[in-house]
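**Student:** Here are the chains, one letter per residue:
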Amino acid sequence: MSDTTPEDVGYVGPAEVDDQDLYHPKSWITKYVFCQDAKVIAIQYGMTATAIGLVALVLSWLMRLQLGFPESFSFIEPSDYYQFITAHGMIMVVYLLTALFLGGFGNYLIPLMVGARDMAFPYVNMVSYWVYLTAVLVLIASFFVPGGPTGAGWTLYPPQAILSTTPGSDGGIILLLVSLALFIVGFTMGGLNYVVTVLQCRTRGMTLMRMPLTIWGIFTATVLALLAFPALLVGAIMMLFDRLLGTSFFMPSIVQLGEQLSYGGGSPILFQHLFWFFGHPEVYIVALPAFGIVSDLISVHARRHIFGYRLMVWAIVIIGALSFIVWAHHMYVSGMNPYFGFFFATTTLIIAVPTALKVYNWTLTLWRGNIRLNVPMLFSLGFIITFVNGGITGLFLGNVIIDVPLSDTMFVVAHFHMVMGVAPMLVVLGAIYHWYPLMTGKMYNETLGKWHFWVTFLGAYLIYFPMHYIGFVGVPRRYFTIDDTSFIPESVGDLNAFISIATFVVGAAQILFFYNMARSYFNGKKAGSNPWQAASLEWQTPQVPPGHGNWGKELPLVYRWAYDYGVPGARDDFVPQHIAPKDVPMAKKKAKKSSSGKSKA
Amino acid sequence: MIVALILILVAVGSVVFHFVSPWWWTPIASNWGFIDTTILITFWVTGVVFVAVVVFTGYCVWKYRYQEDRRSEYEPEDPRLEWWLTVLTSIGVVIMLAPGLIAWQQYITVPAGAAEFEVLGKQWQWGFRLPGKDGVLGKSDNRNITAENPFGVDPKDPNGKDDVLIDADDLHIQIGKPVKVLLRSVDVLHDFYVPQFRGKMDMIPGMVTYFWFTPTRTGSFDILCAELCGVGHHAMRGIVVVDKESDYKKWLSEQETFAQTMAKAKSRKQKKLKLTFNQNKAAPQAKVSAQ
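Just so you know, the sequences run in chain order A and B.
Note that the working numbering gives residue 323 to position 242 of the first sequence, counting from 1, and the numbers run on in steps of one.
Note that the working numbering gives residue 167 to position 110 of the second sequence, counting from 1, and the numbers run on in steps of one.
If we strip away everything but chain A, and leave its shape as in the complex, we get (with noise of 0.2 Å):
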């Protein structure tokens, strides 16, 4: 696989670079507000997604104070209850995960992986981050307004997402829904960008198939998302005109406490195929970048190339199509056509191949490494066992008949936060460990991180692992209290304390995270030139941090691709990307074996 550029290609330089110099920051504001390097834009995002995540994590203690101590809170309200739930799923999925793998790793990594100097069109870039951050404001401004929040659940279906038993059907489900909108439109227009970036402005030499597997799943992922996010789009317009101008797109006719409501003709189940076109996509618009980027943890720190690395590309490809003919999975007790069934249950237990065949070879690149057991190393190992986890159950929930049973129960909870919640947070905690040395200059503190990978994965899996046997025994999501039931032991609400319990650790120990973070920023040692002794392009710039621009006055060439860890016969057990094939520096033993006489192997 690891071909290399023969030595005697001229060398030709990159025409576009010449052409037109980027826009240089002349102030402050332009440097860091209303900025057009990729970098800073993507710190924004990322600052911006975690500010909100947080908001959401909070949310989520207050639902786990209810779960574990039914009638402990009184001012906890069932309308309170609902608003947290449905607030914390959709910051959760599409303000916190997809803007900080797509607005945030994609703005880094992308430019400087291909070995670009920015993303294509910088501008556009900087307005998608502002029309984000606008869709983050619209979204707070829905917990002020008269009767809060939309408490409708994050799936938002009609018809009560719109009507007045569900909290927040005034104000609330309004902006959501604006807020969804224009996230949209800023994604696009840093979705495109992204695309752009990987298709157009790859440096000589940066074949797609030597791409960092980071990027093909943030390529990949990105290319899902603009075509899903239309699907969501167009439902949340559609329902924005059912509420306020009174159509019936997603609503029949309706008898609601007594009352003849005056819509009449639509149907509910149209929203819900609009939201899951969306929304399978979306579990994968998470979790491919997740993919790409754990694989380059494993790799580096395991000091092996990746194993089986087309494979790992064509799974990712197969898995991104894929995913747009699975999403009636989510509809199994809907109420669509039954013979749908059988359809949406073989697509989705097809793409348990590729998905497994990533695991194996996440595993078998550990497999005769050479594995530093540091910070990043433990949240990608983390990330293999609560992945494996998770996607197991969802072959349960995927196979339609196992799926009437569990659907709608704290089963199919536990399932996608397991797979879609802790596994992605795991590589994105490890990714940030990862390229903290490359985005500060600085080390962070070793100790605290490892303190902070224990603490919140075996926290993680404590919180997730037995949750599912509470909706084995039948307990339904959404829930506000259960109450008394002739079928749900006693024990039940024991072990839902104790998940209260550990939730609250878990979500404390990102305390650790945070102190480091912002402790190794100004405290902490430098970290130097690539420090991990990384083969990729990014940590080969001639500044640490990387300035504007990325490169010095020559793009870097690219001569192999992004993993030529322990290469037999060199010097290092590492060959950086642009080093030719007659600069490797030879072990003393056998110095006359080229390196690229290895590629056959």
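None of the hints are false.
What the simulated footprint calls covered on chain B by chain A, stretch by stretch (three residues with Cβ under 8 Å from a Cβ of chain A suffice, anywhere in the stretch; the number is not a length):
| id | segment |
| --- | --- |
| 1 | 58-67 |
| 2 | 119-132 |
| 3 | 248-259 |
Reference excerpt, derived from the structure (chain B facing chain A, CB under 8 Å, subset only):
| id | residue |
| --- | --- |
| 4 | Trp-81 |
| 5 | Thr-83 |
| 6 | Thr-99 |
| 7 | Val-110 |
| 8 | Val-111 |
| 9 | Glu-139 |
| 10 | Leu-142 |
| 11 | Met-153 |
| 12 | Leu-154 |
| 13 | Ile-165 |
| 14 | Arg-200 |
| 15 | Val-243 |
| 16 | Phe-278 |
| 17 | Asp-279 |
The set of hints was computed from the structure by calculation and includes no laboratory data.
Virtual Cβ for every residue (Gly too), placed ideally from N, Cα, C.
Assemble the complex: chain A is given as a structure, and chain B must be docked to it using the hints.
**Tutor:** Leaving out everything else, chain B in the frame of chain A:
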């Protein structure tokens, strides 16, 4: 070393928890034992994979821990190994999917001669309608719903006259007889969920959905709503009682038909007109319980 140990302990702990924890499905009370079997098959297949992957990861972490003088092996691809893994995984998928699809075929194929009853969801209570002596449910539409006619039964349809209406009271069904449950909602999405029956289906205003089962055990079971339906979602409960045939017949004979409720409502309306107007707008259930 410690890291590898903890990883393996996570796998072992998960398996131990699975077998010794007191939390498991409620004993089944319907014919859907095949669903439980499919779940068990899936547990075994996925459990083996989970343990294998985690233990292998732990092994690698221990065996290939960092050593200054070690180099990782350089072997970017192993097509044979990758093929084997693909084939094995595919086999695992088929083992889980095949029984699942067979069971689904059964789930959506209602046996001929199954009795029917209708569940009506409204915020936040359950109503039930049985077909009466003629065995046929009358036509219904949400647009027919009034305070006197909470089920929206078409007053012109003769099949509807003898329909038995149970509003905000327990439902009884007969053991051993397959039933097709017809599901309707008057306002928002609901979901008729009885954990012991394993079956479940959303209820959607404007259409009729269904599932079927055969009760196999007498007793009284909780009905929960499993689709978020507004602020009272968690309080939307009901009871279904599975009876022996004699008990069921006795219960059925005590229930009111649509024609009877309409007649009563009419006479009450006339009476009420003489009294001062009352404030109770949504009172159909109060009327039934007043009988």
